Structures are given as C-alpha cells and as structure tokens.
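*Asks:* Each chain, letter by letter, is given below.
4 protein chains.
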Amino acid sequence: MKMFASDNNSGVHPKILEAICDCNKEHVLSYGDDLYTKKAIEKFKEVFGEEIEVYFVANGTGANVIGLSSLLRPFEGVICADTAHINVDECGAIERFSGSKLLQIPHHKGKITIDNIKKVLHGLGDEHHTQPKVISISQVTEFGTVYSIKELKELADFAHENKLLLHVDGSRISNAAAALGCSFKEMLKDTGVDLVSFGGTKNGMMYGEAIISFNPELSKNLKYARKQGMQLLSKMRFIATQFIAFLEKDLWRQNAAQANSMAKLLEEELKSVTEVKFLSEIQSNMIFAEIPREWIEKLQERYYFYVVDEETSLVRWVTSYDTTKEEVMDFVGYIKGIK
Amino acid sequence: MKMFASDNNSGVHPKILEAICDCNKEHVLSYGDDLYTKKAIEKFKEVFGEEIEVYFVANGTGANVIGLSSLLRPFEGVICADTAHINVDECGAIERFSGSKLLQIPHHKGKITIDNIKKVLHGLGDEHHTQPKVISISQVTEFGTVYSIKELKELADFAHENKLLLHVDGSRISNAAAALGCSFKEMLKDTGVDLVSFGGTKNGMMYGEAIISFNPELSKNLKYARKQGMQLLSKMRFIATQFIAFLEKDLWRQNAAQANSMAKLLEEELKSVTEVKFLSEIQSNMIFAEIPREWIEKLQERYYFYVVDEETSLVRWVTSYDTTKEEVMDFVGYIKGIK
Amino acid sequence: MKMFASDNNSGVHPKILEAICDCNKEHVLSYGDDLYTKKAIEKFKEVFGEEIEVYFVANGTGANVIGLSSLLRPFEGVICADTAHINVDECGAIERFSGSKLLQIPHHKGKITIDNIKKVLHGLGDEHHTQPKVISISQVTEFGTVYSIKELKELADFAHENKLLLHVDGSRISNAAAALGCSFKEMLKDTGVDLVSFGGTKNGMMYGEAIISFNPELSKNLKYARKQGMQLLSKMRFIATQFIAFLEKDLWRQNAAQANSMAKLLEEELKSVTEVKFLSEIQSNMIFAEIPREWIEKLQERYYFYVVDEETSLVRWVTSYDTTKEEVMDFVGYIKGIK
Amino acid sequence: MKMFASDNNSGVHPKILEAICDCNKEHVLSYGDDLYTKKAIEKFKEVFGEEIEVYFVANGTGANVIGLSSLLRPFEGVICADTAHINVDECGAIERFSGSKLLQIPHHKGKITIDNIKKVLHGLGDEHHTQPKVISISQVTEFGTVYSIKELKELADFAHENKLLLHVDGSRISNAAAALGCSFKEMLKDTGVDLVSFGGTKNGMMYGEAIISFNPELSKNLKYARKQGMQLLSKMRFIATQFIAFLEKDLWRQNAAQANSMAKLLEEELKSVTEVKFLSEIQSNMIFAEIPREWIEKLQERYYFYVVDEETSLVRWVTSYDTTKEEVMDFVGYIKGIK
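Protein chains in written order, with the working numbering: chain A, 408 to 746; chain B, 408 to 746; chain C, 408 to 746; chain D, 408 to 746.
If you're looking for bench data, these hints aren't it; they were derived computationally from the structure.
Bear in mind the structure is a predicted one, so any value in this text is a computation, not a measurement.
Careful, some of the hints might be misleading.
Copies of the same chain look alike in the list, so a pair counts if it fits in one copy or across any two.
[As the list claims (entries may be wrong)] SDA-like cross-link-like pairs, simulated, lysine to any residue; straight-line CA separation at most 25 Å: (1) Lys746 / Arg660; (2) Lys432 / Met736; (3) Lys746 / Asn569; (4) Lys516 / His535; (5) Lys671 / Gly740; (6) Lys560 / Glu701; (7) Lys596 / Phe685; (8) Lys570 / Lys627; (9) Lys557 / Tyr443; (10) Lys684 / His535; (11) Lys746 / Asn523; (12) Lys445 / Gln707; (13) Lys422 / Leu531; (14) Lys526 / Thr490.
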C-alpha cells in the first residue's frame, strides 16, 4: 500500500534500480575516482553548463551541512525560515559541524521575504554579533509552496548586493522545477543561486544527493569538508549511476510531475469537501490542510501521515513519484466515507 | 578486471543485490521505522545476543565517528595506533565532530600493546591534559594483522581495569572472524569489547555499516549523534536488507574466507620469489610486501595498488570477496614475468 | 566623566583594587591551587552553603559557555529569550563551543514565561529534533527587569518536573539581589536554580566571573571544560582576591544598591518629562525609554549610550556602582535643556 | 618565599601594578574601544612597525587557540613538536575550538627540524588526510631552549616555500629575546613569522596576552574568533595598561634578563655538583636536569617544582623576573646540603 506520509517512504524507481544493477561489474576505483562518477558529473554539466562543481554525498542533511559549512566561518550565520528543515529537523547538525548560528526569521507559508531578511542584517562588522553570510531557502518549501523564478532572482540579487550568498535546500528540487515548468538551470543557475543541495532520494532514488556549486571559488575546499564530515562513500559508482539514470531522458521530471499531479488531483477531489481547508493552492507534491480533529485518528487507522499542528488540526499529505490515481481516489473515498 | 588496490573497489555480492531488489516494494516508513530494519536488528541479536544496540549508518567513517563520539566528552581522548584509520585516513573527522583528541601510540605491524598504552595513561584527573577514555583498535589492523581472541580479551580487561572502554574499528571485521575461525560473538562480545564499527561494504555490500553497542547505557544517546552527525539515511530498508542477506547463512564468512584464501594463495605463490619480502605472515585479505622499486611502475601499468612507503618500496595488495584463483594466478604470472 | 552606556565602562572599586594590591606578595601556586582561591571558595560557601562548586573564569561569555556546555550534550538545546545575551551578544559562542542549539522563545520585557517554554517542549525523544535540556534566563534581564523569587521558583519547579535544568546568566546578579532585597542564597539556591554565571565585573570588579553549581554531579567535568575552553587563568589569586573583597561586608550589595538607586533617581527626575516614555518601572540599574528621535544625536554629543531600536527611538541608560547623584542630576539637566 | 616551579607563580611587577592603579579613573568604553587600548597597540607598532594587528586576550591558551584557529580551516592541521604546550598542556583546546588536528613530530630538546616537518608533508591535496597548514613552534621551547634567528628564518622560509604559515607560541617570548640579545622585531617580524602568541603573564604581568599578526589579511576575522572564543574582556583598559608599562623603557627585557641570569647562576653554582646533569646549556629561565631520585622528595619539602620524567628523575626549575640572587644561593645551599 502507498502512503501519504512522505515521499521518502517510497522505494526506488525501476529504471534507477536497473542502473544500479547494471553497474555492478568488475572493480572500479573507490571514493569517486571512477568512470560512473565522471559520467554523472558530465550529466550535471549538460544540465547546468561547464562552470559548476558537483559533490555526491550520502543524504540530504549531509548535503545541507557540508554545503553550507563550506560557505561559512563559524562566526558567520545562515538566515533561514524558522520552519526550515535545517532549523527544525536536523537535530542541530549545522550548529555542531560548522559552529555557525542559524538566524531564523518568520515565514509566510514556508517562504521568507526580503523585508524580513533585512531585519536580521544588523550588527554587521560588530564582533558581538553573528555575521550574516548566507540566505538559505527551501525549494519546494517545507509548506509545499514554490518560489517563482522572479522571487528566486530577487533573493539572489538582494543577497549579492548585501555580500551574502544564496543557498537552496533542494530535497524536492525536481518537484519545484516540474511545478514551474522550467529547467533546473533556469531555476537555479540563471537566477543567481550560489549553492544547491540537489536531492534525488525523495524523487525515486535509493540514497545519495548532490551538492552543486555555481561558484567553484566558494566550494574549493568542499571535498575536504565532505570527507571530514563523513559524507564520502567508498563505492561511489552506485550513487553516480543513479544520478545518470535520474537525469537521463528527464526521468526526474516525469517522476516529479507524477507526484505533483497526484497532489493536484487530491486537492481537486477534496475541494468539494468543505471541512478540508487547504493552507494554500497546491503547487508541488505536498498538501497542507486543516481537517476536523476527530477525523485524524480514523484516517490514521489506514493512512499514516503527519499532524503538523495539533491545535489547528493541520495535517500534511505527501504524494510520491509512484502514487497512482487509484490510490488517490481510494484515499479520497476513505475521507469522504469518514465524513 | 579485478584489481588488488582495495576491497572497496569491488561491486556488490549478487545475493545482496538480490536482497536490495527484493525489498523495493510498496511504501514503508523511513529513517528505520520499518520491518526490514527491525528484522536486521533481530539478525544481529541472533548473532550477539539480546543485550545489544544496533545503529545503521552510511559509511565507515560515520560508524567510527558517531560511535566514538557517543563514548566521549570533548575533553576525553582516544588511544590508538599512529597508523589507525581514524588517525590518518579520515581527515580529522573525530577531532572536528567530537572535539576530542587522539592519543596516538606506536604500532607493531598495526597492533598496539598494553605497555605502550600505559605510557599515555598519565595526567589523569589533571585538567591540563586530555583524559584518556577509549582504546580504539582496528580488527583487521591497517597492516593486515589480526588480534587474537586472547589479545582482545587482554585489551578489554586492561581497559576496564583502568576505567577505559574498548572500541573496535571493524571495517574488515568479517575477514578477522574468518581468519580466527570464530564467531563474531566470540571475537567481540565475549572478549569484552564495548563498541564496534561493524563493516559490510568491504565484504560485498553496497553501502551501510552498523554500530554495535554491547553496553546500551553507553550508547543511549547514539541515535541523536547519528542524526546530528548526518548519518541517518531515510530509505533505511535498503541498508537493512543488505545486512539481513549478509548475516543469513553466513554469507559474510563465505565472502571473507574467499578474500582471505586468495591473499594466502598469493602469498604462497610468491614465496619462491625472493625479491618479494612479506611484512608478516598473511592473516587476512591484505598483503604488505617490500618489492624491488623498479617493479612498481611496471606492475602498476596493469594493476593499480597503493605504495605504502616509497622509501622501502612497501606495497599493499588487497583481495576481495570476488577475487578468483585465476586472477591471482594472472597477477602472479605477471609479477614473475617482470622479474 | 561617568557615562550611562554600560556598567562595564566603570573602573574598579577601591576596596577591590586594594585587595589586588594586597595579594601581590611572594609566589603562590598557579591555576587555582593557592590559598586565595581556597578562601574565595570558602566565602562562596558561606553565602550559599557547603554543597556547591565554584569555578572562576575570565569573563561573562566564558561563564555562560563553559557553564552551559557542562550541562549539555551537543544534541541538547537551551531554551532562552530571543533577546538573551547568549543568543544575540556572544557571536554564537555556545553554538561553536558546545555544538548545541539555542531554542529561542519570545520575551516579555526580557522575561520568558512557562507558557512560551512549553511551546518548544516537543519532539522529545525524536532524534530529528534538538532535545531541550536547559532553560536559561538572565537575572537582571537584558531589559532591566528582575524575576521575583516566586517566578524563579516556578521556573525551577517547571524545569525539574520536565527533566530540564535552570541556568541563570547573572552578569548583574548583585543588582537583582539588591533589587529584591534578598540574599543570593534565597534568590538562587533556595529557588532551585541549578547553575549560575555569577558576575562581578559589572559591579566593581576588574575581571573574572564565577560559575556556581548547586549540583556537583552536573558540574563534575567542569574543570576540564574550563581549561579546554581557554578560561583557566594562571595567576588565579588575582581573581580570587577580588571575590573575597566583593563578598566581604556585602560590598557587592552596597555597590549594586548604589547603581540601582541612581537608576531610580534618574527615573524619578525624568518622570515629569513626558517625552521620555519608560519601557517599565525601573527595577535595577538599567533604564529603557523611548525618547524623541531628534534628541539622540544631541544627547550623544555628551553622553555615550546605546540605541536599542532605531525605529522606536528606544534607548538604554545604565548606571554603575560609582554613579553619583551629581552625575545623574547633570544628565537630567542636560536632557531637560535639550527639550 | 619564591619557588622554582613556574614563572606564573610569581606576582605582578610593581610598575605594572602601578599602571593598573593609575588607569582606574573615570569611565571608558569597554571591549577595547578606549584610549589605553589604542595606546598599547601604538606601543606594539613602535616595536614591530605599522603593518601589524594586535588583539589582546585573557590568557596564553586563548592566544594560541584563537590565533591558530584564525589561520585554519577545520580540515587543516598544525605541525608541532610532540612536546608542544598546545599538544600536551591545553586539554585539546585547539581540537575542540577549531576542529583541526595537530600533526605532532619528534622534538630535539624541545625544537623541531625541517627534516622532521617534511615527513608529515604528504597527502597534500588528498581529502583523506588532514592538510598541513601551519608550523607552530614555542619560543622559548618547553625544554628551555631558544631557536636562533637563523633557525627561525629557515623555518619561516621553509614554511612559505611550502605554502605553510609559521606560528610562535611565545608565552616566554621576552626570555627568548633577552637570551638572543635582539629586539622582538628582529626575532619575529624580520625572520618571517606570521603570527605570535605574545606572552606577558610569565614575565611580570597579572593577566592578558596579545596575538600579534604580521599579515593582516590572515587575521582579518580574528576579532570575531576572539569574541566567539570567549577571549574578549570587557574592561580592556586593564590589560592594555599592563602592556604599555611592559613595553615602556624595555621593562620586559629587564624582567626577562633577571630571570635568565638567575637560571644561569643556578647552573653555574650547580656545575660542580656532579649528580646534577643538565639536559643542555641554560639559555633561558628554565632548567632541566636529571638529579638523583632520592633527592626529589627531600628537595620538594622546601621547594615545589615539577618532575618531568619519573623514570629518569628529570626535573624542571624555573626562575622568574623577581627571583633574587639570595634565593638562588639558598636553593643551591639546600641542594648541596642534601647531597
């Protein structure tokens, strides 16, 4: 049975599993000195252009922490939404590994605004205060919303005008690109983003994420941080081969579009159910809705999902690359049955 | 072509790959709350007994750093061989993550002795000095030697008599058990070891290692360190299923025995070649030998391997679970041809 | 000229300087193994009772960071006001040294409430979330307010009921005790506080603060953290002798009472100036008031002080142990002249 | 009674105490924004030239850790003698604060050689290995020896040719300059040293050391590290005023010369005592000598000092700026009486 708890509850897309099986031949050098890794990096360069650096890591927390730490000295801070994954769901991993402080600001449906960023841009040059250095946003945000190309560009421009850098936590980066109907390059490189935690696991991969740097000067020491940060896997070919399959023939977009469209379907089917109040229009593969409190237990008897706010009965439903129309309709039927 | 550079240059054992493919079904909860993970932990309890804790992590550096950090306060230190992997091959990962100092002592073919440990057991209770807390050994050692059951017990007893703990970096733990002809339990739990970095990747797995604690009190906070240390993978079932296959029907022993016997074969076939001087009798799947300097370049034209010491022409050859007799004989023939 | 910028702009009280000069005799052991240090600790035991531990450190940041870090594992967090000195004025020192996260909550005139603390008491036992471990308050708060004995007891009781600890940042702890008219013991030990950063520098000392632990089990490793944290001074007698003078004949209270009463005088004299809007009734030696924006520049021509909020023209004036009635009246006169 | 345990057992030189008393006037800005601090920095610029940066810190461990950390990324290491204070007497402070590893090499009477440094200059560019970045030496060394101007220049040249930096732990820097009969500038700046922990406390000051950077580009972030590292004292004038007195009329040289000459006197007077075997010719204010084991207890009845090596009965005697000829002769007489 498919669930609506998280896209990381899904398994691996058949084409990606096939790629894993196909590369299980002979010996190759470890730690990334192999042809699969070279080819995967080439694939990323086809996507983004030549002037990038690509570092494969084990997981999303690793991508965020290693990537951000490469941009930061310990007295420098990261401006992010109070709801950011790096702020609330990584057990203080950035603080511990980089020694840096997160400068959290209020969010609006997961997004942050330049006005709110400005409020923490003080104490510059004053050693008593953490020095803001990076703005980190999540694309897709933790509330399922998606920054537009225009918003991304404005954030990047503002960052650079203020000697800051822009980092994107892209654990659902494919869903964002699918939602915006644009390429990864248009969304990330062309807008001026500096560094991306490029996720694959939530969109059909088994494990492994990539740190993509658009400014090699900034990331020149990243390989050391990756090793010292325990994120360098030995049999690297098995991550690389997944990304090759992921990027080939836009499998990533096909997967993300399926997840997104299933979320949209869920939204549409539930529009008529007045007790379900959507937090916002559905843009990606995550749905946030307030539902009657008494429904939750009943629903969770068959479907596991997160309750984001007990007080307001705000729940989160997430679709995946392998969510089917039948599964959505079953879920909708079950909800309507409870009512 | 197989190489003799490292056992992590090999791919994945077919039974383990099969297990991965077999578990790619439906949705399961992430981060280890799934039945595969539960079953893998049960498998480990069948091996070691009930009173253990098992934490799966991404890689060997992660196992060492997260495991050791759970035993240490930052002012406490780890006594280890100067040649220990944690001291020379992990880019200072322990120092950075736990803030602790490594108290390195001389090794004898990779092993450390109680006499040398005693030399750093001073300044106890004096805040100017790092307080020794853990003895960490590698089994198999970095020079391919294997601590005997008796040696392990003596180290554990000495540790506990001195209020220290004993940690084993077991990236090649299967090769050690195969070499000693004993069970994991006899080698680790029964001797008094406190915590093990239990390796799988170098013995036929794709990725993933386990931290095994024989003292749940010591490891009670390990889950937080694992998350904060970026070592908690979301789709955990794919690590768990590998360990299930690894432990089932002693696949681990079959794999390790093959690697060990191929190293032994290589030793035997080269015994007659007087220019090859073995550092010690071969006990595991690693061979260290001094060879004529002028051979190295010629040999590396066809076989990649590490030169450990340029000055003495000390080289390292490693066999793997998938090394065949033919490959060894080819290598031997090539060496004899150079001569 | 005396200023109203901060109590650390003042010099050293004559009796404390005299104590320093008096102990400049002969050689004594360094790092605290001397009779002055022993006597100073005895003085603290006279104040608080026998069951305490006292560690002298160099400064307030050191007291906060070393003290808190001794209570924390890196995955554990500190609940504090968003305005707390440890959160905004120490350049991320706690995050860097202990790896721990600060869980900031809203303040009310510098104070935090149990209701707001409860809001961050979630995710307990869940490794994705920083585990709350310590509540840290400032007494006097950063807005000059003072927690009552009752409030302190409620916070301590709440902390302990929830397996949390209560830490007090007491850089102005004397001003608080003077304001409440109680002893240090009544305010800190009897209410259930676990650890105090006990300040002296802002109340007439030259340098040096004390960490006072009311639970020796918690602080048993503190001496190592103090050394590793660069806070162990060699010629310790010169800190110890200051604290002896500070505690003798309640010099601390005399100093603090003078500072407090001068702040009160300033408040009273300005009550008639309607343009000066006090943030709250003056309780300690800090005054927060909104004044006409155009006054600021003019005032700062003669008196340096901090503008806390440019937007609302909120300014901070601080009196010191050596502030005199004449100086207050001069300042008042100057303000009235501007008007 | 004066002792021969350590120069930090001494008190404060009268002229320095007088300077402290003299600056105890009025209010001045805190944290170094005062005229005393400006003047002290000017004094250092008179000594070293204009192109330096000076940061006052609380103690020697702080100077070493804050200074070194400003030169290092966490994956970079410090090459130092195994006997270096930073390696054995600071409880792992560098590892904890900067996350960096110390790459220890053998010493010869406290000094390190370029030949031994070369042995750890491997694995460059390889992310599995800590990247050497700084050579740190102690001047005076922990064994009382003094690097010559020529040796310092060779170390600095070697460092720079190999893209390394040279740091000097100068807790007894005055004794070294007095021993060499040169200026601080000749010894440190003109030889090519990059950063110095400039000590004062062991040569007659009460507390406070200085970090001197000869390369402002390297130290541009040092003020943040100082604050985040808990080493910024609020009433900074009281450190600054000590350094003014210390540098004025070469008080530092007068103090150091006295200490050095008393050590020399002790050596000369004991030359005839054949049971006392000096480790090397006395160059500074520290004497290392092997003495009959049975003397130790008897000697320590009246004079406290350190036994460096129990096995060889190697003891350390240290003279101070205030050690007198009478005290040395008393000590000599007591030794001869034991014999």
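*Asks:* All hints, please: hold or fail.
*Replies:* Hint-by-hint comparison with the structure:
1. Lys746 / Arg660: For Lys746 and Arg660, neither the intra-copy (35 Å) nor the inter-copy (57 Å) Cα distance is at most 25 Å.
2. Lys432 / Met736: between (42 Å within a copy, 21 Å between copies)
3. Lys746 / Asn569: Neither, since 52 Å and 38 Å both go past 25 Å.
4. Lys516 / His535: Classified as between: cross-chain Cα gap 21 Å, same-chain 32 Å, threshold 25 Å.
5. Lys671 / Gly740: within (16 Å within a copy, 65 Å between copies)
6. Lys560 / Glu701: neither (43 Å within a copy, 38 Å between copies)
7. Lys596 / Phe685: Neither: 32 Å inside a chain and 51 Å across chains, both beyond 25 Å.
8. Lys570 / Lys627: both (19 Å within a copy, 16 Å between copies)
9. Lys557 / Tyr443: Neither, since 35 Å and 44 Å both go past 25 Å.
10. Lys684 / His535: Classified as neither: same-chain Cα gap 45 Å, cross-chain 28 Å, threshold 25 Å.
11. Lys746 / Asn523: Close neither inside one copy (40 Å) nor across copies (35 Å); limit 25 Å.
12. Lys445 / Gln707: between (45 Å within a copy, 22 Å between copies)
13. Lys422 / Leu531: neither (50 Å within a copy, 39 Å between copies)
14. Lys526 / Thr490: both (17 Å within a copy, 14 Å between copies)
In this structure, the hints that do not hold are numbers 1, 3, 6, 7, 9, 10, 11 and 13, in rising order.
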